[in-house]
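Colleague: So the protein lines, in turn, are chains X and W.
Residue numbers for the first sequence, in my numbering: 66 to 329.
Residue numbers for the second sequence, in my numbering: 66 to 329.
I should point out that these hints are in silico values taken from the structure, not numbers from a laboratory.
Treat each hint with caution, since some may be false.
All copies of an identical chain are treated as equivalent in the list; a pair is satisfied when it fits inside any one copy or across any two copies.
Said to hold, decoys possible - Using 30 Å as the maximum straight-line C-alpha spacing, the simulated BS3-like pairs for lysine-lysine come out as follows: (1) Lys296 / Lys92; (2) Lys201 / Lys113; (3) Lys133 / Lys113; (4) Lys314 / Lys114; (5) Lys192 / Lys272; (6) Lys314 / Lys90; (7) Lys114 / Lys197; (8) Lys90 / Lys114; (9) Lys113 / Lys197; (10) Lys297 / Lys266; (11) Lys92 / Lys272; (12) Lys272 / Lys201; (13) Lys256 / Lys113; (14) Lys92 / Lys158.
Next come the chains, spelled out residue by residue.
There are 2 protein chains.
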Amino acid sequence: MSELTVYHIPVCPFSQRLEILLSLKGKQDSVHFQVVDITKSRPDWLLKKTRGTTALPVLETADGQIIKESLVLMQYLEDIFPEPAVAQQNPYKRAIENMLTRMEGEFVNQGYGYVMNQDITRREDLKESMLKQFAKLNDFLMEHSPSNVFLFDDFGWAETVFTPLFMRFWFLEYYEEFQLPQEENYARVRKWRDACICHPKTQQVTKEQIVKLYYDYALGAGNGTLLTDRKKSSFVFEPDWPIRPWPPKNKYEYQATDNELGLC
Amino acid sequence: MSELTVYHIPVCPFSQRLEILLSLKGKQDSVHFQVVDITKSRPDWLLKKTRGTTALPVLETADGQIIKESLVLMQYLEDIFPEPAVAQQNPYKRAIENMLTRMEGEFVNQGYGYVMNQDITRREDLKESMLKQFAKLNDFLMEHSPSNVFLFDDFGWAETVFTPLFMRFWFLEYYEEFQLPQEENYARVRKWRDACICHPKTQQVTKEQIVKLYYDYALGAGNGTLLTDRKKSSFVFEPDWPIRPWPPKNKYEYQATDNELGLC
Chain X
66 MSELTVYHIP
76 VCPFSQRLEI
86 LLSLKGKQDS
96 VHFQVVDITK
106 SRPDWLLKKT
116 RGTTALPVLE
126 TADGQIIKES
136 LVLMQYLEDI
146 FPEPAVAQQN
156 PYKRAIENML
166 TRMEGEFVNQ
176 GYGYVMNQDI
186 TRREDLKESM
196 LKQFAKLNDF
206 LMEHSPSNVF
216 LFDDFGWAET
226 VFTPLFMRFW
236 FLEYYEEFQL
246 PQEENYARVR
256 KWRDACICHP
266 KTQQVTKEQI
276 VKLYYDYALG
286 AGNGTLLTDR
296 KKSSFVFEPD
306 WPIRPWPPKN
316 KYEYQATDNE
326 LGLC
Chain W
66 MSELTVYHIP
76 VCPFSQRLEI
86 LLSLKGKQDS
96 VHFQVVDITK
106 SRPDWLLKKT
116 RGTTALPVLE
126 TADGQIIKES
136 LVLMQYLEDI
146 FPEPAVAQQN
156 PYKRAIENML
166 TRMEGEFVNQ
176 GYGYVMNQDI
186 TRREDLKESM
196 LKQFAKLNDF
206 LMEHSPSNVF
216 LFDDFGWAET
226 VFTPLFMRFW
236 FLEYYEEFQL
246 PQEENYARVR
256 KWRDACICHP
266 KTQQVTKEQI
276 VKLYYDYALG
286 AGNGTLLTDR
296 KKSSFVFEPD
306 WPIRPWPPKN
316 KYEYQATDNE
326 LGLC
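Just chain X, same shape as in the assembly:
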């Protein structure tokens, strides 16, 4: 089954969901992950496969079929590699984790909208909205799993969905000084988030990698878009991220040059 290929953008949270799921199943070698350079136009061979759409990740099956959308792909991998099951088998428990999973869309939008914001007057409102998202997760966990660490006994489906987002939101800590307050109404979600981030099967990316690659998002430029006065996107492959310096944090006051970002 190593003829499955996932095409993804660098450090993509939706692709990491698939990596975590495969890792939980001991199947990380069954899928070939191929990173696509998003600072260039999508290559023709890829557009042919995706029928012109540019959203990634996509999975190509052994016979050339294309499947899109990370949650759809998670279910596909769960179905073709059923053991060990990551999704709950009991119908009610499965419904619980599906309800939590359905909260991911708003959570993604809020976090990305926040990091990409360029209007300093909106900063406080965006922080409050982000906190509301965490409070909603906290409420859900308090209702359905008040005393566990994870939603159920072990790291599972909902954790696979949310962990890559918790990790991406390190960019909020760095560029927005966002922190979950040490308050009771975030205590349950904090416990969950921290355990997700520390779990041995979720170590595909590091804080340093995310902070460096997502610098351009913090300046409002997503998906490899090039900022004015810059010749290289923070998502370029070369120079590789470990040899670049940490970017400046003060996004509302200053835009770093290619040189300062170690991109030359």
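With chain X held as given, fit chain W onto it using these hints.
Modeller: Frame of chain X, contents of chain W only:
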């Protein structure tokens, strides 16, 4: 298993999904459907069950557990009543129908935003955006199922998701004169939609019922909200919809009175 109860608002498309699914399984008597009067505040006993949230439908299990979200509920019913399966069993086919299912959110938002619009200058743009939604469905079906009627051989999961929306969008025909053009780029989705609407398991509601109940949506008032100069919502239980006259179509020029709507 008749201790399952679904609480829903009148003529709710998301509740109809569950009715269709159960009907396909011959299990329509296994769930009690209880309609909630949305023209009044949610009763305390219901708010207690839902922990304060007002969104419907919700399902209550035999032991009082509450499950929300129609797509989550569909999966729950599929799991507890596995025969006959409505979801595809083959992983790739299941991924196909899941991809189509993920297109429902935008489709809902576009259709409801269109019917609720009150600004006549936006009417043409909203029509074009709605047509784009149908064109996307057409493309998807042409890619994955060019020659079938349904996505696969029979009416299945994706049809259960979309049929209640196709039926609700009768309100667009009536209040917005929206029609799918007789053009090649809508031919596949038209064939699909028409077969969905005519299917014997989807006859829980009628065009007349939808047009009469959703009159207030056409004037911008959703979820049982009361319009100025009106004493009753079009969603009241009494007088029952069959004895009311058809509402006026000219929503941008005229707002009917309670009396004209047969609500007194």
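Colleague: Does each hint hold? Answer for all of them.
Modeller: A quick look at each hint next to the structure:
no.	hint	in the structure
1	Lys296 / Lys92	neither (39 Å within a copy, 62 Å between copies)
2	Lys201 / Lys113	between (41 Å within a copy, 18 Å between copies)
3	Lys133 / Lys113	within (14 Å within a copy, 39 Å between copies)
4	Lys314 / Lys114	neither (39 Å within a copy, 46 Å between copies)
5	Lys192 / Lys272	within (20 Å within a copy, 45 Å between copies)
6	Lys314 / Lys90	neither (38 Å within a copy, 57 Å between copies)
7	Lys114 / Lys197	between (40 Å within a copy, 22 Å between copies)
8	Lys90 / Lys114	within (28 Å within a copy, 37 Å between copies)
9	Lys113 / Lys197	between (41 Å within a copy, 22 Å between copies)
10	Lys297 / Lys266	neither (32 Å within a copy, 57 Å between copies)
11	Lys92 / Lys272	within (25 Å within a copy, 51 Å between copies)
12	Lys272 / Lys201	within (25 Å within a copy, 38 Å between copies)
13	Lys256 / Lys113	between (44 Å within a copy, 27 Å between copies)
14	Lys92 / Lys158	both (24 Å within a copy, 22 Å between copies)
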